[in-house]
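FYI, the numbering for the sequence shown is 1 to 591, going by the working numbering.
Read the hints as simulated data drawn from the structure, not as lab findings. The structure displayed is predicted, hence computed values, not measured ones. Hints should not be assumed to be uniformly reliable.
As the list claims (entries may be wrong) - Listed below are the simulated EDC-like cross-link pairs for lysine to aspartate or glutamate, each with C-alpha atoms no more than 16 Å apart in a straight line:
hint: 1; residue 1: Lys449; residue 2: Glu493
hint: 2; residue 1: Lys449; residue 2: Asp432
hint: 3; residue 1: Lys449; residue 2: Glu484
hint: 4; residue 1: Lys401; residue 2: Asp433
hint: 5; residue 1: Lys44; residue 2: Asp164
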Amino acid sequence: MSEAARIVDRPVAAAILRATLELGYTPLQARIIAGRLSEADLAKLPELLNLQLSGLTPPDLLPDIDIASECIVSAIKQGLPILLISDFDADGASAHAVLKFAFRDYFGVSEARIHSYIGHRLRDGYGVTETLTDRIIAEAPRPALIITADQGSTDHERIARLRDHGFIVVITDHHGVPASGPPPAAMACVNPVREDSAFPDPYIAGVQVAWLLCCAVRQRLIRDGDLPARAPKLGGLLDLVALGTMADCVNLARSINNKAIIARGLAIMNSPVARPAWQALYVASHCKGPITAATLAFHFAPVINARGRLDSALGSVDLLMSDSVPVAEELAQHFVEHNTERKAVQSNMLQRSTKQAAQQVRDGAAAITIFDPEGHAGVHGICAARLAESFGRPVAYFSPKNDAEHITASLRTVHGFHVRNALAEIAGRYPDDFVAWGGHAGAGGVTLKRDGLQRFAEAWASTAANALRDHRVGPEIVTDGALEVTPSFAVVEELAALEPFGRQWEHPVFRSHGRIEQIRPVGDGRHLKLVVKMNAMDYDAIWFGAVENGVCPVGVGQTVLMAYELDVNMFRDTTTLQLRIRHAALVDGGA
1 MSEAARIVDR
11 PVAAAILRAT
21 LELGYTPLQA
31 RIIAGRLSEA
41 DLAKLPELLN
51 LQLSGLTPPD
61 LLPDIDIASE
71 CIVSAIKQGL
81 PILLISDFDA
91 DGASAHAVLK
101 FAFRDYFGVS
111 EARIHSYIGH
121 RLRDGYGVTE
131 TLTDRIIAEA
141 PRPALIITAD
151 QGSTDHERIA
161 RLRDHGFIVV
171 ITDHHGVPAS
181 GPPPAAMACV
191 NPVREDSAFP
201 DPYIAGVQVA
211 WLLCCAVRQR
221 LIRDGDLPAR
231 APKLGGLLDL
241 VALGTMADCV
251 NLARSINNKA
261 IIARGLAIMN
271 SPVARPAWQA
281 LYVASHCKGP
291 ITAATLAFHF
301 APVINARGRL
311 DSALGSVDLL
321 MSDSVPVAEE
331 LAQHFVEHNT
341 ERKAVQSNML
351 QRSTKQAAQQ
361 VRDGAAAITI
371 FDPEGHAGVH
381 GICAARLAES
391 FGRPVAYFSP
401 KNDAEHITAS
411 LRTVHGFHVR
421 NALAEIAGRY
431 PDDFVAWGGH
441 AGAGGVTLKR
451 DGLQRFAEAW
461 ASTAANALRD
471 HRVGPEIVTD
481 GALEVTPSFA
491 VVEELAALEP
501 FGRQWEHPVF
511 RSHGRIEQIR
521 PVGDGRHLKL
531 VVKMNAMDYD
541 AIWFGAVENG
551 VCPVGVGQTV
561 LMAYELDVNM
571 FRDTTTLQLR
581 IRHAALVDGG
591 A
């Protein structure tokens, strides 16, 4: 069992609160905003709250954007083959689809000239790996242009091999760049987190970097007279950019682009001419109501990601690019089955790893390192994230690679601990143990020599102890305090004006004492439907995943301190207000 979570309130930035009220936001909205931004964000507040596409940062400030666009336009004019290489997650698949759509439908490149490569998570691993490089060198036409999406910034050796075999490489990525700089073998490295980057938003996803590059290519083609001045803009691809952005859990609070991109993408998805992929995923995922940011995060993205976790992610690109609803529906249903399989694998892995994690916590570890001999690398990240949430500590989840000499892990973190910086420090301490590593603030991946595991675990824990020495470790449920108005549909609409919600711009969560009036298990028995009396009024409530190991955490008549979201439930053409309980703890003497 994981530790009991503490319910804590967000600090509210007073200057942000005053400024948002002056901008015309309601007191409740201002409080929500001021709980997600800090005084340091005050100067950029209007930009951070702007959802208009006119406020998007143009591509011109991205490093190497002129070199990259010139190189791509030259390849298009020369008739060179275009090779697209992307990551196997939803961000990578979305970026792959954006690039392919742009070249085929906007830039006039025949589909026969476009070649797709996505590394297999288990056979190849993350990035431009040796096995993927071998495959490209063995079978791809050359000379050719290679464009990476959502990867490549740390892959100099493989990119040098590709260059030496007649390939021109342009990198698009958003992951961390080595201290030595971007790969010199690449013709260009378009990455907003480079130290020399003038791009003001380091939080955009890989798919948005790819889309911005395509925007720059369009501008250059128009300038050179190869496209008419009124050639279609690339805004029609923002639904794909929205999916990848939500799926990659990038920062929405401090990005001056992400929320606007997602808002526009959702508008496209909810239009009458939405892509077959969205129609198919909506049906296969049993969604109700309009497609929202939560739909992308909790329904569409897991299904797309499941394909890349358990099989080749090229099928995900096929689904996103499908122009046939029946074909898309068949693919989506197949991916839902993959997601069901992923959930079963995940459940077994969490059962095994939770015991290890609990013992490490009892031993006083500030960070958790799991080694799971039966683990599936495609599910590492999800399990690491769940353990980090349950135990309130950074987690590295390892299992063996296909060979006997190496192990691989996904890493997830908690507030106050930067994954990539920690990896850089540990790799500098034990360079001979590391085969490959990379990531960003919130997540990372690493491949180690097997005999380096103990050294890594000790360094991982000590690095976390230093970084978190001023933080109270342990699981927390962060709320926006007590809701000072009566829950209603009007309040739901008031909060919805701050959508889209996501990482660092989380959906509002409130706390309250309540008395359990009714309990009914639903679904597979792990979820509860309840009636809760709060402020002398009864409210319907749903609590997903409440029952662990057959144990119901609350009983009728008990008083609890709960953290909850306001939710709208649509069932059989009836819409009702309900509480979505995130956590509930018995109040002393509340039985």
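Each hint tested on the structure:
1. Lys449 x Glu493: Since the Cα atoms of Lys449 and Glu493 sit roughly 53 Å apart, the hinted pair is violated (cutoff 16 Å).
2. Lys449 x Asp432: holds, 8 Å
3. Lys449 x Glu484: violated, 55 Å
4. Lys401 x Asp433: Holds, at about 15 Å.
5. Lys44 x Asp164: violated, 45 Å
The structure does not agree with the numbered hints 1, 3, 5 stated previously, though it agrees with the rest.
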